[in-house]
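Student: Sequence:
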Amino acid sequence: MTMLELDNIQGYLIRGYAHMLYSRFVYLQISDAGSAKIWLSKIWKEITSAKHFHDKSKISSTHLNLAFTHDGLRALGLNEENLGAFSREFRQGMVAPHRSRLLGDTESSSPENWSWGASHQEPIHLCLMIFGNDKQFVDNLEKDKVVCLNYYEELASEFAGHGLKELFYIDGKTQPDNKEHFGFRDGISQPIIEGSGRVGDKDDVIKTGEFLFGYKNEFGVYPDSPLIVKEQGDLNLLSSDTGGSGQKDLGRDGTFMVIRQLDQDVNKFWSFMNENSKNPDGSINVAESLKLGAKFMGRWQNGAPITLFPDEDPGISSLVNDFGYAKFDRDGLKCPFGSHLRRQNPRDNVDDHGRKESLKLSKQHRIIRRARLYGEIYEGSPTNLTPKGEVGLVFVCFNADISRQFEFLQYTWANLPKNKELYNDPDPIIGAKETLDPGEEQNFTIQDIPVSKTIKNIPRVVTVKGGGYFFFPSINVLRYLSTL
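Heads up: the sequence shown begins at 0 in numbering that gives the first Met the number 0, then just goes up one per residue.
If you're looking for bench data, these hints aren't it; they were derived computationally from the structure.
Treat the hints with caution; some may be incorrect.
Said to hold, decoys possible - Calculated lysine-lysine pairs in the DSS-like style (CA-CA distance at most 30 angstroms, straight line):
1. K277 <-> K333
2. K419 <-> K359
3. K267 <-> K36
4. K419 <-> K326
5. K215 <-> K355
6. K267 <-> K247
7. K201 <-> K50
8. K387 <-> K142
9. K142 <-> K55
10. K432 <-> K417
11. K142 <-> K44
12. K229 <-> K215
13. K290 <-> K172
14. K277 <-> K57
15. K362 <-> K419
16. K277 <-> K355
17. K201 <-> K333
18. K247 <-> K362
19. K57 <-> K44
20. K419 <-> K201
21. K247 <-> K36
22. K50 <-> K215
To be verified - The calculated label-pair distances, taken between Cβ atoms and stated as ranges, are:
23. T453 <-> V319: 28 to 38 angstroms
24. V285 <-> V319: 17 to 27 angstroms
25. G245 <-> G199: 29 to 39 angstroms
As the structure is a prediction and not an experimental result, all values here were calculated from the model.
Cβ coordinates follow ideal geometry from the N, Cα and C atoms, glycine included.
All chains, please: the whole structure from these sequences, using the hints.
Tutor: Dropping the structure here:
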C-alpha cells in the first residue's frame, strides 16, 4: 500500500476545505525575483499541508496554498533547461491557439474575451489561495469571510516589499450544502487517492501517480515528472527521481492545477428546461422541469443519482456514490448516456467495453475537482432563475497529466458529439457550442422504449472567462524554489 508524505503535500489537493466557506484566489506577478525568493523562504512555512488531525480543534482557522505558472517559475529564476523538463501542455499554457480549439474556447469563450489569463494580458506568475473559517460558527459564510479577509490583508501588506505585484483576485464561496448556481449539489463523486487515508468504494480508489508525481499511476509507470536537468539551488532539499535516473525530482509530491473561471447562465439553463417540459397550456411544469434538469446533469438537485432514483427526487440531501451504470442502467433508460456526470465519469460502462475494462479506462481519466462559487450565492430552479449580476464557478482540478486527464475529459468526453449510440449530443453542461455550422445539430437524447426522445438545439449555458495551468509543488519544493 502506498503511503503518502502528507506533511509535504499541499492540502487543497487532498482535503478540499469544505468547512471553509470563504476563500480568495489572489493572482500575483513577480517584479523582483530576489525579493520574491526572500518572501518564499518565509511563506513556505505557512503553507497548509495535507496532514490529518485527529483533534479537529487543532486545525488552523486559515489555510494557505500556492501555485506557479510556467512564466512564474521563469520569473523566479528557474533556468531554461529545467523549465523545459515540464510537460508540453504546462509549457504552452491553456491559451495556445490549438489548445483553445481543443478545449472549445471559441466565440464568447475565446481567450480574446477573457477577463484574465489571455496572452494579451499581464502574465500571471502566482496564484495564492487563501481560506478562512470561524470555528465558533457553523455554516456561517460571513464569519468565514472576515477570517479569510483578515488573513489576506496581513499577507497583502508584504507583497510590494517582496517584489510581488497583485494583479487581481477572485473571491470564492461555498454553500453549506455545496450547491452550485444551477441548483445542483456539487463535488459528490471524487476519486480517492491511494494512500491518502480517505476511505470509500474500491472502484473510486485511484493510483497515486494519477494525481502526484513520484508515484506509479494506473498504467503501472511513474508519470512524467519535471526532473532537474541543470544544477541550481539547494538540491539537498529535493528527493531523487523514484524512477531511478539519479536526477533530482522537482515534481515529487506535487501536481498540476487547472483553473477555469466559468460563468453560468442560470436563466438560459432553466428557461430551456421550462420550455421543453411545459404543460399543454404553456404553463411551467415545475416537477417535469426539475426532472429534465436532473437528466441533463445526471443527479437530482439534492445530489441523489437518477440511476438509483429515476422517477423522482427522494427529497433529501444525498451523497450516494456507490453505483455502476453497467449494473443498474446499462441501456441508459434511467440516466441518459449524454448526461453531464455520465459523460465525465462513465464508471463501469465506457462505450461497448465490459465492466472490468470500462473501470480501467475510467480510472485513467479521473481528476480531483475543486470548485468555489463567485458572485451572488444563488440556487437556481424553474421558478428562481434570475440572479443579480454574473455568477459562476472558479473551477479547479488536479491531475499529473493535463493532456490525458483534464484535456481528454473536455475534448473527448465533453465536446465530441458522438458517444455510444449518440451522434449529435455533446455534454449538455460544458460541451455545447455557441453557434452551429450549417446543417449541424446539437441535441440531448433521452433513451426510452420504444422510441428515444430528442431535445433539440440545446444552448451553451457556460462561458469561460479566464483560466490557466499551474504547477502545484510540494512544500519541500516551495522551499527549494526560494534557493534558486
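Student: With reference to the structure, classify each hint as holding or not holding.
Tutor: Tested hints:
1. K277 <-> K333: 21 angstroms, holds
2. K419 <-> K359: 18 angstroms, holds
3. K267 <-> K36: 47 angstroms, violated
4. K419 <-> K326: 17 angstroms, holds
5. K215 <-> K355: Satisfied, since the Cα-Cα distance of roughly 20 angstroms is no more than 30 angstroms.
6. K267 <-> K247: At roughly 51 angstroms apart (the allowed maximum being 30 angstroms), K247 and K267 break the hint.
7. K201 <-> K50: 23 angstroms, holds
8. K387 <-> K142: Given that 30 angstroms is the threshold and the Cα spacing comes to 22 angstroms, the pair holds.
9. K142 <-> K55: 19 angstroms, holds
10. K432 <-> K417: 14 angstroms, holds
11. K142 <-> K44: Roughly 26 angstroms separates the two Cα atoms, so the pair holds.
12. K229 <-> K215: Holds. K229 to K215 sits at ~25 angstroms (cutoff 30 angstroms).
13. K290 <-> K172: Measuring from Cα to Cα gives roughly 27 angstroms; hence the hint holds.
14. K277 <-> K57: Given that 30 angstroms is the threshold and the Cα spacing comes to 53 angstroms, the pair is violated.
15. K362 <-> K419: 19 angstroms, holds
16. K277 <-> K355: It is violated: about 41 angstroms lies between the C-alpha atoms, which goes past 30 angstroms.
17. K201 <-> K333: 24 angstroms, holds
18. K247 <-> K362: Answer holds: K247 to K362 is near 29 angstroms, not above 30 angstroms.
19. K57 <-> K44: Holds, at about 17 angstroms.
20. K419 <-> K201: Judged against 30 angstroms, a Cα distance of about 26 angstroms means the pair holds.
21. K247 <-> K36: 20 angstroms, holds
22. K50 <-> K215: Given that 30 angstroms is the threshold and the Cα spacing comes to 21 angstroms, the pair holds.
23. T453 <-> V319: 28 to 38 angstroms: 29 angstroms, holds
24. V285 <-> V319: 17 to 27 angstroms: 24 angstroms, holds
25. G245 <-> G199: 29 to 39 angstroms: Taking Cβ atoms as reference, G245 and G199 lie about 37 angstroms apart, which means the hint holds.
Violated hints for the displayed structure, listed by number in ascending order: 3, 6, 14 and 16.
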